[in-house]
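Take a look at the letters that make up each chain.
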Amino acid sequence: MSYTTAINDDAHHHHNPTGWRRWLFSTNHKDIGTLYLLFALSMLFMGGASAMLIRAELFQPGIQLLDPDLYNNLVTNHALLMIFGAVMPAAAGLANWMIPLMIGAPDMALPRMNNLSFWILPAAGTMLILSFVVPFFPGGGSQINTGWTLYPPLSVQVGMSMDFLIFAIHLLGISSVLASINIIVTLLNMRAPGMTLMKMPMFCWTWLVTAFLLILVVPVLAGGVTMLLFDRHFGTSFFDAAGGGDPVLFQHLFWFFGHPEVYVLLLPSIGVLSHVIPTFSRKPLFGYKSMVGAMIAVATIGMVVWAHHQYTIGMSLGAVSYFMIGTIIISIPVGLMIFNFIATMWRGAMTFETPMLFAVAIIMMFTFGGLSGVMLAVVPADMQYHDSMFVVAHFHYVLMPGAVFGLFAGVFYWLPKWTGHMYDEKLAKIFFWVNVIGFNLTFFPQHFLGLAGMPRRIIDYNVMFTEFNVVSSIGAMIFGFSHLLLLYIVIKTIRGGEKATAQVWEGAKGLEWEVPSPPPFHTWETPPSIKQEQQ
Amino acid sequence: MCRRLTTISRRFLLVAAIVSFQTAHAEYGINFPPPAADVAQEIYDIHMLTMQIATFLLLIVFSFVIYSLYFHRKSRGYPADQNFHNTWFGNWSWVMVPALVLGIDLTIASNADTVLKKVWEVPKGEKLMDVKVTGHQWWWEFDYLDYGIKVESRYIPEEKSGDLYLREVDNRLVLPTGTKIRFLHTSADVLHAFWVPELAFKKDAIPGYVTETWSELNREGVFRGQCAELCGTWHSRMPLVVESVPPEKFDAWVKQQQAIKVAAAEEASSSKAWSKNELITKGKELYETKCGACHQASGMGLPPAFPALNGSAIVNGPVADHLKIVINGKSGTAMQAWGSLNDLEIAAIVTYERNAWDNKSGDVVQPTDVKQAR
Numbered sequence: 000m001s002y003t004t005a006i007n008d009d010a011h012h013h014h015n016p017t018g019w020r021r022w023l024f025s026t027n028h029k030d031i032g033t034l035y036l037l038f039a040l041s042m043l044f045m046g047g048a049s050a051m052l053i054r055a056e057l058f059q060p061g062i063q064l065l066d067p068d069l070y071n072n073l074v075t076n077h078a079l080l081m082i083f084g085a086v087m088p089a090a091a092g093l094a095n096w097m098i099p100l101m102i103g104a105p106d107m108a109l110p111r112m113n114n115l116s117f118w119i120l121p122a123a124g125t126m127l128i129l130s131f132v133v134p135f136f137p138g139g140g141s142q143i144n145t146g147w148t149l150y151p152p153l154s155v156q157v158g159m160s161m162d163f164l165i166f167a168i169h170l171l172g173i174s175s176v177l178a179s180i181n182i183i184v185t186l187l188n189m190r191a192p193g194m195t196l197m198k199m200p201m202f203c204w205t206w207l208v209t210a211f212l213l214i215l216v217v218p219v220l221a222g223g224v225t226m227l228l229f230d231r232h233f234g235t236s237f238f239d240a241a242g243g244g245d246p247v248l249f250q251h252l253f254w255f256f257g258h259p260e261v262y263v264l265l266l267p268s269i270g271v272l273s274h275v276i277p278t279f280s281r282k283p284l285f286g287y288k289s290m291v292g293a294m295i296a297v298a299t300i301g302m303v304v305w306a307h308h309q310y311t312i313g314m315s316l317g318a319v320s321y322f323m324i325g326t327i328i329i330s331i332p333v334g335l336m337i338f339n340f341i342a343t344m345w346r347g348a349m350t351f352e353t354p355m356l357f358a359v360a361i362i363m364m365f366t367f368g369g370l371s372g373v374m375l376a377v378v379p380a381d382m383q384y385h386d387s388m389f390v391v392a393h394f395h396y397v398l399m400p401g402a403v404f405g406l407f408a409g410v411f412y413w414l415p416k417w418t419g420h421m422y423d424e425k426l427a428k429i430f431f432w433v434n435v436i437g438f439n440l441t442f443f444p445q446h447f448l449g450l451a452g453m454p455r456r457i458i459d460y461n462v463m464f465t466e467f468n469v470v471s472s473i474g475a476m477i478f479g480f481s482h483l484l485l486l487y488i489v490i491k492t493i494r495g496g497e498k499a500t501a502q503v504w505e506g507a508k509g510l511e512w513e514v515p516s517p518p519p520f521h522t523w524e525t526p527p528s529i530k531q532e533q534q
Numbered sequence: 000m001c002r003r004l005t006t007i008s009r010r011f012l013l014v015a016a017i018v019s020f021q022t023a024h025a026e027y028g029i030n031f032p033p034p035a036a037d038v039a040q041e042i043y044d045i046h047m048l049t050m051q052i053a054t055f056l057l058l059i060v061f062s063f064v065i066y067s068l069y070f071h072r073k074s075r076g077y078p079a080d081q082n083f084h085n086t087w088f089g090n091w092s093w094v095m096v097p098a099l100v101l102g103i104d105l106t107i108a109s110n111a112d113t114v115l116k117k118v119w120e121v122p123k124g125e126k127l128m129d130v131k132v133t134g135h136q137w138w139w140e141f142d143y144l145d146y147g148i149k150v151e152s153r154y155i156p157e158e159k160s161g162d163l164y165l166r167e168v169d170n171r172l173v174l175p176t177g178t179k180i181r182f183l184h185t186s187a188d189v190l191h192a193f194w195v196p197e198l199a200f201k202k203d204a205i206p207g208y209v210t211e212t213w214s215e216l217n218r219e220g221v222f223r224g225q226c227a228e229l230c231g232t233w234h235s236r237m238p239l240v241v242e243s244v245p246p247e248k249f250d251a252w253v254k255q256q257q258a259i260k261v262a263a264a265e266e267a268s269s270s271k272a273w274s275k276n277e278l279i280t281k282g283k284e285l286y287e288t289k290c291g292a293c294h295q296a297s298g299m300g301l302p303p304a305f306p307a308l309n310g311s312a313i314v315n316g317p318v319a320d321h322l323k324i325v326i327n328g329k330s331g332t333a334m335q336a337w338g339s340l341n342d343l344e345i346a347a348i349v350t351y352e353r354n355a356w357d358n359k360s361g362d363v364v365q366p367t368d369v370k371q372a373r
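Heads up: the sequence lines are chains A and B, in that order. At position 252 of the first sequence (counting the first as 1) the number is 251 in numbering that gives the first Met the number 0, and the numbers step up by one without a gap. At position 189 of the second sequence (counting the first as 1) the number is 188 in numbering that gives the first Met the number 0, and the numbers step up by one without a gap.
Watch out, some of these pointers could steer you wrong.
Residues from chain A that keep clear of chain B, each with C-beta distances beyond 12 Å, as calculated [claimed, not checked]:
{"#": "1", "residue": "T148"}
{"#": "2", "residue": "I173"}
{"#": "3", "residue": "K198"}
{"#": "4", "residue": "T225"}
{"#": "5", "residue": "M290"}
{"#": "6", "residue": "M336"}
{"#": "7", "residue": "I458"}
{"#": "8", "residue": "N461"}
{"#": "9", "residue": "E497"}
What the simulated footprint calls covered on chain B by chain A, stretch by stretch (three residues with Cβ under 8 Å from a Cβ of chain A suffice, anywhere in the stretch; the number is not a length) [claimed, not checked]:
{"#": "10", "region": "100 to 109"}
{"#": "11", "region": "142 to 153"}
{"#": "12", "region": "160 to 174"}
{"#": "13", "region": "184 to 191"}
Source of the hints: derived by calculation from the structure; they are not laboratory data. Ideal Cβ positions, reconstructed from N, Cα and C, are used throughout, including at glycine.
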């Protein structure tokens with residue numbers, strides 16, 4: 000492909016590479032979006048398999064299947080695979096597919112960088128998996144038994160697999176920052192004429208905020224793990240008290256990234272809901288402006304409350320009071336978002352296709368998780384909850400509905416657009432019910448375990464915790480295996496099925512529904528004109 | 000229609016099932032155990048308060064959602080209200096909702112702040128009993144600074160502890176009731192966290208830091224907790240057991256401990272030459288409590304993190320190098336410095352290691368050798 004003609008030559012569009020070249024050299028937002036989604040799906044299964052091993056081990060007291068280091072290694076790997084491998088790439092995949100279609104742009108603003116930001120991921124994923132696998136080879140050192148938080152000094156004790164992990168995090172970070180830059184540039188420069196920022200579809204808004212968050216916080220994590228690397232190999236003592244360093248410094252750096260990261264995972268799904276709920280309620284999104292405001296508020300406050308993850312390190316009274324009140328205040332914008340969703344459903348003419356089922360489940364379960372979050376924000380009570388199974392239950396109630404179910408809703412919502420086929424609604428509804436019931440069965444009992452005194456991240460527990468662990472493990476198996484059905488539905492839809500119309504859903508509004516299903520390789524080569532009402 | 004409501008009804012059913020299950024098996028908790036200190040009671044109360052507020056809000060949200068799911072359906076012929084977001088409610092809800100939530104937030108925060116002040120700062124200008132709690136991989140050390148007593152606390156293997164496995168230790172943290180106690184938390188290696196739910200606080204043990212918490216026990220009893228911060232391989236094997244006793248009983252216990260300490264010191268400093276068998280018997284017991292978690296009773300270790308001592312180059316090499324590692328530890332690994340053990344104990348352990356399993360050096364290390372090596 001010659002450099003000069005690639006820019007503005009219509010005839011050139013018919014010379015698309017085929018075979019593996021189509022994917023490896025792709026600069027097309029739809030193909031790259033598909034790659035992101037497939038990558039995320041494969042990581043979802045690996046992360047899920049590690050979670051099921053964890054729950055299988057915890058099914059009964061005693062140590063049956065795993066040894067303690069392998070258990071902790073799986074705990075670490077599960078978190079990293081799910082966060083960096085599954086949720087973030089899946090959200091980026093949706094962004095790649097939908098943002099140009101939604102704003103009437105022919106492609107992402109920086110297509111070659113788009114290619115790069117995806118193709119870093121398989122390398123990063125390989126490093127991540129190597130960090131898990133390396134200890135099983137002779138001379139591979141000890142396993143990563145630190146959890147995804149990588150707190151020193153424990154992470155300094157770990158063998159070479161920690162170095163693989165640190166480089167995996169660097170690569171993942173570079174990929175996220177590149178993708179974020181691309182999204183910001185696209186959204187600010189490529190909108191169709193007449194589409195002002197306040198007319199932009201909500202999904203685009205959520206990604207704009209998410210992208211800024213990522214650019215602000217990912218470098219901090221990269222810095223933190225680099226300091227860790229230096230402590231491990233180059234004799235520095237950033238985190239070593241014996242050398243004048245401070246182990247708590249790492250926790251601050253990590254959570255300065257880690258807390259905004261929660262919103263990075265959450266916001267794209269909020270964006271999906273802002274489309275799904277109006278579509279199936281057949282009325283416009285309630286409170287578009289307050290939604291934008293709430294989102295910016297969440298992101299801003301979310302940047303300055305990180306230390307509520309470390310209430311037990313012995314901060315001053317003033318510091319913990321500040322972090323407590325800041326954290327509780329986040330309930331205001333988040334409450335407003337939930338309110339807007341319910342008000343969108345209110346007086347609508349609802350139907351319950353699978354995306355809407357997920358949306359309703361998210362509203363209920365995310366509210367539940369959010370409220371247990373308010374409990375956790377209260378410092379005196381958190382002195383009990385901290386690092387117990389209650390925390391595990393809480394963040395799965397936030398991240399599963401808040402992030403993963405939102406992505407499922409998005410996938411079912413847009414799958415007919417992408418493939419041109421309707422998915423099997425009956426199977427999808429079965430998937431929804433099995434999935435949601437399995438999820439609640441897994442994580443609801445963990446609240447009780449935490450309150451009764453079971454710490455998180457332990458491989459073995461006293462018989463007093465048996466009952467709820469049994470329920471939780473059975474739930475986890477149902478929940479885990481239900482995703483095979485998802486895989487089947489997706490494959491079935493790609494291979495064929497009832498033809499989808501351009502609009503797909505009766506109540507769907509927006510530019511993405513004006514292009515045919517599936518959309519041609521290039522869309523919006525001439526920008527559309529924006530009609531009066533967009534929201 | 001009913002199917003749509005299954006999510007919610009099922010959750011309530013689950014709660015109902017669990018609650019009824021609980022009444023049948025009272026020993027399995029679903030909430031914090033009864034607090035054992037006044038401050039702990041206040042923490043418990045704030046926990047219950049926020050949980051009740053959260054439950055109440057959840058019910059409100061759920062009722063609106065369920066009402067809407069039931070009535071605002073296309074299948075019921077409900078016409079979508081296209082102008083709902085343009086009514087006065089639509090225009091002003093962005094002010095009303097945050098104001099409402101702010102009110103709830105302030106209620107929670109102000110209540111929490113009152114409790115926080117009492118919990119967070121150790122009472123000033125009062126006589127306190129100091130207990131230094133040091134986390135080790137994977138045991139706890141309690142120093143009663145006012146009495147010069149040190150207690151090492153380790154988990155008891157399942158064969159001996161039965162149903163209390165991972166909830167019972169060999170030496171408990173004995174504390175008097177009705178006394179203000181200040182806990183000083185620190186760690187010798189990686190992060191750990193002190194958590195006994197009846198005392199209702201948790202504090203990280205961080206190397207290089209000394210953080211403080213306090214409590215005043217108001218009832219007798221045995222309170223069980225665990226290490227709550229991931230500290231490596233045997234994180235699950237760090238139970239914490241507090242035995243709360245009346246002050247008179249505590250004083251008696253202190254005297255007994257002091258006597259034991261004096262006797263041990265006398266034994267260690269006596270110039271007696273110990274026989275190989277005496278040292279090996281003593282060493283075996285010490286090895287299995289202090290070294291066995293990592294290097295294993297079989298001496299096979301858990302490579303690569305914890306090397307085998309059976310056939311090890313160091314154990315079968317010069318005595319001086321062996322002693323050096325035991326006394327000073329090995330930096331960058333989980334091997335800690337054992338210099339705080341007395342000469343006799345180190346001599347016994349080293350003698351045992353050099354003559355156990357397939358190691359047949361025949362060496363006998365005397366306490367005087369250890370003294371020289373320090």
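8 Å C-beta test of the region 142 to 153 of chain B against chain A, three or more residues: violated (count 0)
Under a C-beta cut-off of less than 8 Å, do 3 or more residues of the region 160 to 174 of chain B approach chain A closely enough to confirm the stated coverage? It holds, with 5 qualifying residues against the three required.
Over 12 Å to the closest beta carbon of chain B is the bar; see if N461 (chain A) clears it. N461 (chain A) not clear of chain B: closest Cβ-Cβ about 5 Å, inside 12 Å.
Given as non-interface: T148 (chain A), which should sit over 12 Å from chain B by C-beta: violated, 8 Å
Does M336 (chain A) really sit off the interface, with its C-beta more than 12 Å from all C-beta atoms of chain B? violated, 10 Å
Please verify that the nearest CB of chain B lies beyond 12 Å from M290 (chain A)'s CB. Its Cβ does come within 12 Å of chain B, the nearest being 9 Å, so this is violated.
Count the residues of the region 100 to 109 of chain B with a beta-carbon closer than 8 Å to any beta-carbon of chain A: does the count reach three? Answer holds; 6 residues pass the 8 Å Cβ test.
Please check whether the beta-carbon of I173 (chain A) is more than 12 Å away from every beta-carbon in chain B. Label holds. Min Cβ-Cβ 28 Å, cutoff 12 Å.
Are all C-beta atoms of chain B more than 12 Å from that of T225 (chain A)? holds, 19 Å
Checking the smallest CB distance to chain B, is E497 (chain A) really beyond 12 Å? About 20 Å separates E497 (chain A) from the closest Cβ of chain B, which puts it past 12 Å; holds.
Count the residues of the region 184 to 191 of chain B whose CB lies closer than 8 Å to any CB of chain A, then report whether that count reaches three. This one holds; 4 residues, not fewer than the three required, reach chain A with a Cβ under 8 Å.
Non-interface claim for K198 (chain A): all C-beta distances to chain B beyond 12 Å? Given a closest Cβ separation of 15 Å, the condition holds.
Comparing the model with each numbered hint stated earlier shows that hints 1, 5, 6, 7, 8 and 11 do not hold.
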